[in-house]
Structure formats: structure tokens, C-alpha cells
Amino acid sequence: MRAPEATSTVDFAPRAIARLPPASPRQRGSVTWERRLLGWHSLLCYLFLYVPILILILYSFNRSKQTAGWDGFTLDWYGRLFANDLILRAVKNSLIVAVSATIFATIIGTMVALALARRSFRGKGATQSALYLPIIIPEIVIGAALVTFFGVIELRLSLWTVVLAHIAFCISYVAIVVRARLAGFDRSLEEAASDLGAGPLDTFRRVTLPIILPGIIAGALLVFTISIDDYVVSSFVAGVGATTLPIQIYSMLKVGVTPEVNAVSTLLLLLTVVLIAIAQRLQQDPTPSLSKGARKK
Amino acid sequence: MPEETPRRGWASYPLVLPTWVVLGFFFVLPLVIMLIISFGQRGTYGGLKAIEDLGAYVTSGDFLANYKRSIEPLYLSIYWRSLWMAVVTTVLCLAISYPMAYYIAVIAPAKWKNLLLGLVVIPFWTSFLIRTYAWMLILRTEGLANSLLQWSGLIDQPLNLLYTDFSVMIGLVYGELPFMILPLYASLEKLDLKLLEAGNDLGANSPQTFFRVTVPLTMPGIVAGVILVFIPSIGQFVISDLLGGAKSILVGNLIQNQFAVARNKPFGSAIAFELTAVVLMLLFAYAMYTKKKGQEVLL
Amino acid sequence: MTTARFRTRALTALALPLALALTACGKKAEAPQAEDAAATKNAGKLNIYIWSAYLPKEVIDKFAAQTGIQVNFDTYDSNEALLEKLQSGVADYDLVVPSDYMVKILIAEKLIQPLDHGKLPNIANLDPRFLDKKFDPRNQYSLPYFWGTTGLGYNKQKLGTVDSWEAAFDPKNKGRILMLDDMREVFGAALKSMGKSLNETDPAVLKQAADKLKKQKRLVATYNSGDFANILAAGDVDVAHGYNGQIAEVVANAPDKLAYVVPKEGATLWMDNVCIPVKARNAENAYRFLNYIMEGPVNAEIVNGVSYASANVPARQLIRPEILNDISIYPPDEIIARCEFLEDIGDATTLLDQYWTEIKAQ
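Heads up: the protein sequence lines correspond to chains A, B and C, in order. Be aware that the first sequence starts at 686, since it is given in this note's numbering, and climbs by one per residue. Be aware that the second sequence starts at 530, since it is given in this note's numbering, and climbs by one per residue. Be aware that the third sequence starts at 4, since it is given in this note's numbering, and climbs by one per residue.
Derived from the structure by calculation, the hints contain no laboratory data. Glycine residues also receive a C-beta, built at the ideal position from the N, C-alpha and C atoms. Hints may contain errors.
Far from chain A, by Cβ distances over 12 angstroms, these chain C residues were calculated [to be verified]:
#1 77
#2 79
#3 84
#4 132
#5 236
#6 301
Which residues of chain C face chain A? A partial, calculated answer using Cβ under 10 angstroms [as the list claims (entries may be wrong)]:
#7 50
#8 88
#9 92
#10 128
#11 130
#12 133
#13 136
Model the full assembly from the supplied sequences, consistent with the hints where possible.
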């Protein structure tokens with residue numbers, strides 16, 4: 686999602702002006718070796734990130750049940766996976782929780798980030814401190830506190846208690862990331878918009894939102910990641926039939942890493958890769974001539 | 530540049546109301562209950578011991594028993610170790626993540642950015658536990674790392690990689706990377722390259738430009754990343770259990786033990802709240818410091 | 004492309020595969036339940052909360068088909084997690100399977116209800132050796148489900164025959180020892196090796212045990228309560244402290260290399276028991292299920308599927324000989340005689356926790 690391709694008349698406006706395509710630095714030969722170095726560093730980092738993943742995928746085809754050694758190639762585990770109602774139920778639950786939590790937490794978190802960044806209101810300090818609590822407090826305390834609390838208000842545990850719990854602790858992550866994005870936001874753009882007659886909602890939608898969108902997306906990705914892999918809090922507040930994938934995996938791991946677990950992880954991986962690829966496709970501007978022209982400016 | 534004067538007005542409240550409701554009701558309130566519990570005593574079977582005389586309990590200072598116990602030397606050494614581990618993890622994470630985030634945000638062609646960012650995050654949509662087990666497979670005596678090193682002739686005997694501080698550090702850094710990369714990316718992405726150009730034009734070389742222009746401009750991202758990595762690192766315990774062989778006890782393990790094994794919720798909560806208080810104070814101190822220097826408050 | 008159109012496109016494209024994935028999982032997961040619901044409007048539900056891998060799915064499915072009851076089951080991995088859920092009062096389970104010491108706690112905390120033996124004719128199938136234990140006299144609240152021992156798995160090719168706890172404290176095995184990451188079990192091993200009871204509360208004795216464990220720590224490669232059997236099988240350690248069921252499984256895969264022993268000084272005898280929580284809303288269905296799993300053939304099916312020993316007599320005729328004759332799973336009386344149950348040690352738990360922290364912290 687790109688910022689509007691607006692040019693600024695003030696050449697050295699120091700804050701978040703719409704980004705022009707990076708022209709000059711790239712053409713300078715003197716920085717090429719630095720760019721190469723960074724490129725290699727990133728490649729190594731990606732390798733570091735993916736080696737365990739490759740192992741995980743590899744072992745989903747392992748004939749042997751134990752993590753001991755490679756015993757031969759087989760697709761059996763994938764077949765068993767689809768017959769395994771428990772895992773399928775867990776995947777479904779996890780997806781429901783993660784998607785719900787991401788949507789709500791992102792919206793609520795962005796709202797509060799905007800308020801914290803630009804507005805002053807009563808209880809601002811308290812709100813800021815409260816937003817740090819989910820990150821600071823160990824998960825086991827959060828889980829125990831929530832299950833005790835639900836007991837006190839007599840709210841029966843279910844999948845929805847998991848969703849509530851996730852939304853509650855995910856808001857903070859979105860708020861922090863979006864807040865970082867908002868820091869140093871140049872208000873003059875918004876003022877320009879309103880000078881040109883746009884109402885506050887319009888200004889938000891067409892000026893502010895596009896600029897902070899990368900932050901919002903980063904926050905949403907973070908929250909989805911956290912939610913889909915949350916074990917401790919979920920295990921405390923899940924009700925009957927609300928077993929999520931991490932809980933299911935954890936219980937299966939206790940009895941020895943069955944490759945079924947690797948298989949489900951591999952499939953989930955595939956799903957997310959597909960989603961990202963689609964998002965990537967949509968990123969490609971369907972009117973290439975325009976953007977190329979802009980670059981040549 | 531100092532931020533503009535924050536606006537007042539009623540419009541703030543609809544923005545923060547959902548947060549107040551959700552956070553307040555499903556987070557702060559349960560924690561208040563835990564706080565009250567932290568002043569109690571462990572019951573014989575792990576609940577709470579009934580207190581006969583509440584007045585005497587409070588005035589005699591008995592209600593602080595758990596807090597007093599938590600600052601005994603045994604526990605202080607545990608806190609120190611956890612702090613140290615969290616600092617090292619954060620520094621390593623920052624050192625590794627910054628160049629990578631820089632590459633994705635600034636150098637990579639625009640159309641690949643989302644893909645590269647997605648590639649960072651995708652591994653973390655698999656189960657954390659499985660990834661950790663994968664590291665065990667890699668680092669164990671007959672694992673991938675040793676096999677590779679022996680095959681390439683670099684070593685004769687397998688190295689003892691697993692169940693060490695080294696393996697714990699790898700696991701920690703690995704697990705926390707996206708929490709550092711994403712905020713850094715968010716901040717770097719809006720970096721105005723013309724400023725870097727300006728720096729170069731004015732005669733600064735690359736390191737100078739980096740430290741005096743880029744870093745200050747991306748400080749919000751750095752702070753956000755440090756916070757998101759440092760704080761959870763203090764309280765983590767699974768990695769030191771699996772990759773460290775459960776041979777060390779960090780604050781996270783300590784609290785975990787109180788809740789899960791010793792069934793001593795009051796003591797466990799007391800430690801957790803102390804940890805919270807300390808971290809909040811650090812954050813507060815940082816906020817004061819930045820405010821004093823006239824910089825924008827990032828918290 | 005305008006931002007608005009891009010956004011809608013993006014959302015749809017992302018939502019589509021996601022929705023498909025959800026429906027795929029959802030359909031499969033709900034199909035069996037939908038059938039049951041259609042078949043029997045009034046047979047009701049049954050919510051089971053049990054240890055992972057303790058109940059083969061086939062057994063549940065057969066029960067559901069027979070009775071029309073819709074069975075949900077969730078798993079937990081520690082007694083304390085179970086306790087936490089029950090203490091909250093808002094977990095909706097009809098059947099739970101706590102361990103011996105936890106049964107006593109649940110009774111004391113009034114979280115499980117007395118069992119009406121009149122409704123459970125199949126109790127007659129239970130082996131009297133495992134009834135009427137100290138943690139639940141006359142089985143008022145619980146019935147045995149599985150039982151076993153905690154001993155040592157070891158590499159017999161490397162170490163020869165091992166018959167004592169001292170193997171886990173022997174400096175010759177430095178770096179090749181695994182202990183359970185369980186405070187009571189590890190102290191139990193130390194106490195037994197000193198000839199004491201598992202449930203020792205004398206502070207002086209506990210201190211001695213703690214000192215022994217502190218000396219042992221540098222010999223230990225890892226403390227692990229989940230994967231101990233696999234770690235032994237993978238050759239990372241030569242001596243592994245662990246529960247008999249999982250170790251028996253890896254021994255069966257490598258009988259020339261590995262073995263399991265209940266040390267001569269004695270060990271823990273553990274027993275997991277079925278109970279009905281006080282707040283169970285489908286207690287009647289729970290009774291039906293209990294009767295069902297106490298039937299000989301059904302119980303045999305469970306044991307054959309899970310490789311842990313049950314306390315059911317008629318089932319023995321249908322249990323696979325490899326399991327029945329495996330003394331790690333079904334130890335003879337002399338071995339049982341030198342084992343004891345773990346009992347809750349009340350306030351001494353805090354002292355033990357202190358020592359445990361010290362051991363781990365050094």
C-alpha cells in the first residue's frame with residue numbers, strides 16, 4: 686500500500702513526506718558495497734529464520750514417529766492429519782480466534798494509538814501504563830488472573846473467552862507499533878487537506894490512513910502471529926471444545942513429536958505463504974506505465 | 530522536532546473508550562484480583578489460607594510476607610540472571626534486525642517489500658514449540674549442526690551445543706526477531722531518503738550519516754522494538770526449559786513454578802507484580818528523560 | 004488502481020482462501036457431531052477432560068455411536084492445570100482424570116462429587132489391589148484408570164544392568180543423565196536412594212536430599228518431563244528418569260539397546276483416576292461412560308491403544324501379550340510392593356519449592 690504520490694513543495698520538510706521512489710542513493714556507486722553487505726546479511730538472517738522451518742517440513746515426511754532419525758519418506762502423516770478431527774478442530778478454533786482478535790485488536794489499538802499520539806485527555810498517563818501491562822506481566826499470571834476473574838463473574842469458559850482474552854492483550858502490541866509509526870507525523874499534510882476543504886473523516890481516510898497503514902499492517906501481522914501461537918493464556922481460559930492449535934500441539938508433543946504435528950504446521954505455512962503471495966500480487970500496480978513514469982522524474 | 534501541541538477535546542474519548550472497556554474489564558480488573566491475592570497466604574491445598582483477623586494481618590505487616598520473601602538473596606540472583614539474559618538478547622536482536630529491516634525498508638525494491646516482510650513473519654505462524662524442537666534437532670549431539678561441522682572437517686568430536694547458555698540464546702534471539710524487525714521496519718519505512726542525501730551532500734560519510742541522521746530518525750522504532758523484545762525476554766521460561774535443559778531458573782520459571790507446581794499463587798503473583806513495578810518504573814524514567822530533553826514522548 | 008478498489012480486492016483475495024480453510028476444517032470437525040445430534044436429540048452431551056493420549060478416539064466414537072451422546076474431549080498436561088480449571092468454577096467438564104495426590108486435594112476443596120457405586124455395576128471388574136487407597140478410602144470419589152511406575156530408562160549396551168537410583172547420581176555418567184523436571188519426582192528419586200519415603204516432611208532429611216541433588220546437578224544434561232523417552236532413544240543421554248509407559252514404548256522399539264527398571268530402593272507408584280466434578284451438568288452420561296470403559300473388551304482396547312496398565316481384570320484376556328507380559332507396563336507384585344504413592348505433603352511443599360529453586364539456580 687503506497688503513500689499517495691504527492692510531491693511536496695517544501696524540499697526539506699523533515700518529517701513523513703510522501704516517499705518518492707529512492708532515486709539518487711542507488712545510483713551512487715560508493716554505497717553499493719554497503720548495500721551488498723546488507724543484502725548478504727539479510728540473506729543470512731533469512732536462512733537463520735528458515736532452517737528450523739525446513740527441518741520441520743522435512744520431518745513431516747519422516748517415516749519414524751520419533752524425532753530420533755530420518756527413517757524414510759512418507760505421506761502417511763498428511764493422510765492421518767485429515768482424519769484427525771482433533772487437529773482439524775484445533776486449527777479451526779485457532780483461525781477463528783486469531784482472525785477475530787486481529788481485527789478487533791487492530792482497530793481498537795489503532796484508535797488508541799491515534800489518541801495517545803495526538804491528543805491530550807484525562808487518564809492519558811494511566812492508559813499508557815495500562816497498555817504496557819500485557820507485555821510486562823508474565824503470561825501465566827495473565828492466564829491465572831483471567832480464569833479466576835471469569836470464575837468470579839461466572840462467565841462460562843468457551844472459545845469466546847479465548848477471543849476476549851486475546852483481544853485484551855493484543856491491543857497493546859498494535860498500539861505500540863502504530864504509535865511508533867505516528868511519531869513525527871507531519872501534521873501539515875492534514876492541515877493542507879482540511880484547508881482544501883476535506884472534513885476530518887475524509888482527511889483521515891485519504892491522508893492519514895494511507896501514511897500510517899504500513900504501521901497498522903505491521904501491527905496486525907504481529908498480533909496475528911501472537912494470537913495463533915499463544916499457548917499459556919489460551920490453555921487457562923479455553924472452555925469445552927475450545928482447544929486451539931498450540932494447546933493441541935503441546936499435548937501431542939508430550940507424547941513424542943508425531944510428524945502429524947509437523948504436517949499441520951507445514952500446511953498452515955503453505956496457507957500463509959499463499960495469502961502473502963496473493964497480497965504481493967495485489968501490490969503490483971496494474972498500471973505499470975504510470976509508476977515507471979513517476980520513477981523517471 | 531517537538532511534536533505539536535496535543536489537541537484536547539471530546540473527540541479523544543470515543544477513540545480510547547474501547548480500549549478502556551476491553552483492557553479495563555478483561556485485564557486490569559483480573560489483575561487487581563491477583564494483586565489482592567498476592568497479599569494472601571498459600572492455603573494447604575494451593576488456594577488461599579483463610580485469614581482470621583484481617584486487621585491484625587494488615588497492621589502487623591504480615592500481608593507483605595510474600596514481598597519480603599521475594600527479595601531474599603536466592604531470588605535476587607535469579608532476577609539478576611534474567612535481567613542479564615534479557616539485555617543480551619535485546620542487544621543481539623537489535624544488532625541483527627536493524628540491518629535487515631534497513632534492507633527491506635530502504636534498499637529493497639518497493640514491490641518486494643511486502644513479500645520480504647511477510648517472509649520474516651511466516652516462520653512465526655508455525656508453532657513456537659515445534660520451532661524450538663526443530664532447534665533441538667539441529668543442535669543436539671547427533672544433530673544437523675554437528676553433522677555438518679564434522680562432515681566439513683571443521684571438528685572431530687561433536688560439540689556440546691544443546692542444553693547450554695548458547696542454545697538458550699539462539700532460541701531467545703530467534704523467537705524475538707520479528708518483534709524487533711517489524712517496529713524497526715515501520716519506522717525505517719518512512720525514512721525520508723532525501724535527508725540522508727542531504728547528509729552526504731554536506732560531507733558526512735556513511736557511518737556518520739547513519740549514526741547522526743538515520744538512527745535518531747528511527748528512534749521510535751528502535752524504542753518500540755527494544756520494549757517489545759526486552760520485556761517478554763525477562764519473563765520467558767519455555768526456551769530455557771527446552772533448549773537450556775531446564776537447568777537454570779529465570780524469573781519466568783520461578784513464577785511458573787509457583788503457579789504450576791508449588792501451588793503458591795500469592796507468592797507467584799507477588800513476584801510478578803514486583804517485576805511489573807520495576808519495568809514500569811524503567812519505562813516511566815525513560816519517558817521523563819525524553820520529555821526533559823524536549824524530544825517527543827514515545828510512550 | 005485507486006486505493007479503495009485495491010483495498011476491496013485485497014480483502015476479498017485474502018479472505019477467500021482463509022474462509023475456504025475455515026470451512027474445510029469446520030465441516031470435517033463438525034460432521035461427526037452433526038450426525039450424532041441428528042440421530043439423538045435428547046441423549047445429551049458429555050464433556051471429558053483427560054490427559055493427552057489417554058483415550059483412543061475409536062473408543063469414544065463407538066460410545067457415541069452406541070448411546071447417541073455427543074462427546075467432547077479436551078486434554079491437559081498437568082494436575083495443577085486441572086485444578087486451576089476446576090477451581091475457577093466455570094469449566095464445564097463432566098469427567099476428569101486426576102492423579103492420586105490431586106484426588107485428595109480435589110476432595111478437600113470439594114470439587115468432585117461422591118460416586119454412586121450403585122450406578123456402576125462394572126466396578127466388579129476392577130482389581131482390588133488398586134482399590135481403597137489412602138488418598139480416597141473406599142473409592143468414594145474416584146476409580147482407578149491407569150497406573151504405573153516412575154523409574155529409570157537406560158542404555159544397557161553402554162551401562163550393563165542398572166538396578167539402583169545411584170546410576171542417576173554416578174559421576175561416571177556425567178552429562179548423560181536426564182531427570183524429570185518435576186520437583187516431587189526428582190526429590191522422590193533422591194529420597195528413595197537415601198532409603199527414605201517419598202513423602203518425607205522432616206526438614207533435616209529434605210535438606211540432605213536437596214544437597215544430594217545440588218551435587219547431582221552438574222551431572223545432569225537436562226530436566227525434561229515431556230520428551231524424556233525420545234531423548235533416551237536418540238542417544239543424547241544414557242540414563243533417563245521417567246514414567247514407565249513412554250519408556251516402555253521406546254524400549255520396545257530398541258530392545259537390545261534400552262531397558263527400564265524400577266530401582267531396588269523403590270520408586271513412585273502413580274495412579275490416575277476418573278472422577279466426576281461437582282458442577283458436572285451431564286453426570287448421568289458420565290456414569291454411562293464410566294461403566295462403558297470398565298467393560299473388559301473396551302478397557303482392553305484402551306490399553307492396547309495407549310500402552311499403559313489399567314486396573315481391569317477381565318480386560319487382561321484381550322490385552323496384547325506384548326503389553327501384558329512387559330514388566331515395565333505390568334510389573335509383578337514384588338516390584339509394586341517396593342513402590343509408594345506420592346501424597347500431598349501440605350506445607351512442606353513450600354520448603355521443597357525453596358530447595359528446588361536453589362538447586363535450579365546454582
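Quick rundown of the hints versus the structure:
At the 12 angstroms boundary, the C-beta of residue 77 of chain C falls inside the reach of chain A, the nearest C-beta of that chain being 5 angstroms off. Separation of residue 79 of chain C from chain A is inadequate, the least Cβ-Cβ distance of about 8 angstroms not exceeding the 12 angstroms criterion. The beta carbon of residue 84 of chain C is not kept farther than 12 angstroms from every beta carbon of chain A, the shortest such distance being approximately 7 angstroms. At roughly 27 angstroms, the least C-beta separation between residue 132 of chain C and chain A is larger than 12 angstroms, which holds for a residue marked as non-interface.
A Cβ of chain A approaches the Cβ of residue 236 of chain C within 12 angstroms, the least distance being about 5 angstroms, so the stated non-interface status is violated. Chain A leaves residue 301 of chain C outside its interface by the beta-carbon criterion, the shortest separation being 20 angstroms against a cut-off of 12 angstroms. For residue 50 of chain C, the shortest C-beta to C-beta distance to chain A is roughly 5 angstroms, which falls under 10 angstroms, so the interface hint holds. Checking residue 88 of chain C against chain A by beta carbon gives a least distance of about 7 angstroms; that is within 10 angstroms, so the hint holds.
Interface restraint check: residue 92 of chain C against chain A, minimum CB-CB distance 5 angstroms, threshold 10 angstroms, status holds. Because the closest C-beta pair between residue 128 of chain C and chain A is about 27 angstroms apart, greater than 10 angstroms, the hint is violated. Below 10 angstroms, beta-carbon pairs count as interface contacts, and residue 130 of chain C has none with chain A, the closest being about 25 angstroms; its hint is therefore violated. Residue-level restraint check for residue 133 of chain C is violated (minimum Cβ-Cβ distance to chain A is 23 angstroms; threshold 10 angstroms).
Look at residue 136 of chain C: its Cβ only gets to about 25 angstroms from chain A, farther than 10 angstroms, so that hint breaks.
Hints 1, 2, 3, 5, 10, 11, 12 and 13 from the earlier list are contradicted by this structure; the remaining hints agree with it.
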